[in-house]
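**Student:** Line order of the protein sequences matches chains A and B.
Numbering-wise (our numbering), the first sequence opens with residue 8 and increments by one.
Numbering-wise (our numbering), the second sequence opens with residue 13 and increments by one.
A couple of the hints might just be wrong.
As the list claims (entries may be wrong) - Straight-line distance between alpha carbons at most 30 Å, and here's what the computed DSSO-like set of lysine-lysine pairs gives: (1) B:300 with B:283; (2) B:62 with B:42; (3) B:42 with B:66; (4) B:62 with B:49; (5) A:12 with B:178; (6) B:283 with A:12.
Hints are computed from structural coordinates only; laboratory data are not their basis.
Keep in mind it's a predicted model, so treat the numbers as computed, not measured.
Below, each chain spelled out in residue letters.
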Amino acid sequence: MTPDKVAWIHELILLVAGFFLLCSFGLIAASQVMGCLRVYVIQSLLLAASAVLLGIDYHSADLWIVAAIAIVAKAVLIPFLLRRTARHDMIARRELQQAISVPMSLLIALALTVLAYYIVDPMMDHTSRSVHANLPIGFAAVLIAIYTITVRREALPQMLSLLAIENGAFFAGIAIAPNFPLIGELAAAFDVLMVVLTLGVLSTQIHRLSGSTEVGTLSELMED
Amino acid sequence: MVRMILFNLIQVAVVMFLSPLAVGILNRFKERVAGKKGPSIFQTYRDIWKLFHKDQILSSESTWIFRATPYVCFAAPILVTMLIPVLTSYPLFFAFMGDMIGGGFVLALGGFFATIAAVDSANPYGAMGASRTRMVGFLAEPVFMVVFFTVCFVANSTIPYIVQQKWVHPESNFFNPAHILVAVAFFMLILAETGKIPVDNPSGHFELAMIDESKSLEYSGSGAALMKWAGSMKFFVLLCIFLNVLIAPWGLASGTALGDVLLAIPLIFIKVLGAVILIVMVESSLAKLRLFRITAFLGLAFVVAVAAVLTRMMTT
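Could you build all of it, start to finish, from the sequences and the hints given here?
**Tutor:** As structure tokens, this is what we get:
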């Protein structure tokens with residue numbers, strides 16, 4: 008590849024990383040369940056885009072298969088499964104409850120991003136430019152998703168944040184270990200599908216028993 | 013030298029006389045998208061012309077601030093126009109009079125006078141609108157600061173003529189995340205500062221829901237005309253900064269011949285038209301936010317701007 012083309016690829020990898028970080032923030036700011044799902048799908052597509060670009064950068068065809076798995080499993084199958092198993096909550100147009108208000112949460116997420124950069128910084132000396140983009144942002148995405156799980160008071164957004172943790176880990180992983188055995192990626196992808204199916208069925212059960220999946224109101228055991 | 017001054021004056025004239033047309037096209041497009049016929053694209057000119065021929069009524073309770081405000085508001089965007097690239101890609105005569113931060117201060121001065129004049133008019137709706145505008149303004153301020161900081165950080169300069177060259181040399185810089193994210197944050201700021209739909213509804217006539225409009229309710233005659241004209245110029249100037257400094261420094265005149273500069277006028281207008289279509293798309297597809305959700309909107313803009321700085325810092 009010509010140096011000019013390498014520069015283009017690097018800028019695009021950085022750009023995808025920037026938007027990936029924005030999607031993590033979007034998961035906090037989205038006010039309806041459908042919005043959360045849309046943000047998650049966009050984040051998964053950005054993960055796939057990053058895998059394709061890194062595949063070109065590292066000359067690794069494995070990463071293209073990772074991208075294909077990400078698109079099929081996360082952008083197509085997971086929304087499909089969620090719509091099938093947890094229909095009530097997906098289409099509910101109510102505003103989501105949060106323990107801490109959205110602007111405050113965004114500022115905390117920003118602090119977490121800075122923290123991620125601070126922690127990752129000592130490891131960055133001898134790495135390539137693509138790792139500089141993906142490692143801190145993947146790490147920040149993991150931290151922000153964990154924070155989202157703690158503040159959201161509803162089952163489905165919590166579940167999507169759980170999946171976003173996995174997205175963030177993958178995002179960092181594809182940059183530092185491009186030749187990770189493919190079987191691992193496949194296993195992870197199927198694991199995620201199983202998790203979605205189980206949680207979807209579970210949340211439907213909860214919905215049938217108690218009439219809502221707002222975790223914030225489920226603070227007492229039922230007495231028969 | 014004389015030529016540079018002439019170009020600067022042409023630039024001011026372009027902003028003064030094309031800005032009502034941009035606002036007219038915006039209103040027309042918005043009505044067309046909503047399935048209505050909409051006013052003529054020249055309606056803003058007619059409104060300004062009509063208002064200039066009407067008598068001005070001043071409250072006997074008001075002070076000089078109320079009388080001076082239309083002139084201050086009108087002069088502020090004209091001064092900023094002299095500092096920013098509208099038609100040419102090389103600095104003009106007044107360009108080094110102030111940088112982007114100076115331009116921001118001049119625009120803020122107009123906003124400040126509009127606010128105290130609204131309080132001065134003793135109309136309760138005016139003071140309410142003024143306090144709401146200040147709320148939006150004070151939430152937008154940190155975003156402005158971080159955007160300027162990022163721009164300075166990338167270009168090592170705050171002179172807009174130098175900044176605009178950085179984004180495209182080399183061309184892969186255009187896709188730098190700092191560039192794209194700063195542009196997104198600045199676009200959200202334009203929506204907030206000019207009272208467009210997710211923050212404020214510019215076509216609403218209900219005083220209790222107004223944010224930006226209610227400040228100029230008490231003006232009549234030439235005062236109202238100047239306020240209206242100043243509003244459209246501010247919109248046009250902000251779009252010029254967005255397009256020429258932050259997004260696309262293409263289509264600007266690089267030669268010093270008069271023909272080059274005149275050719276740049278239709279090109280800048282086409283670019284503004286593109287931005288107007290983008291704004292119409294945003295305004296037609298979103299609903300106005302509740303007053304206390306505006307913090308979430310501007311908080312998101314702030315986060316976008318800080319993400320721009322962060323992604324820039326780790327790659328240098």
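**Student:** If any of the earlier hints don't hold here, list their numbers in rising order.
**Tutor:** Checked against the structure, no hint fails, so every one of them is satisfied.
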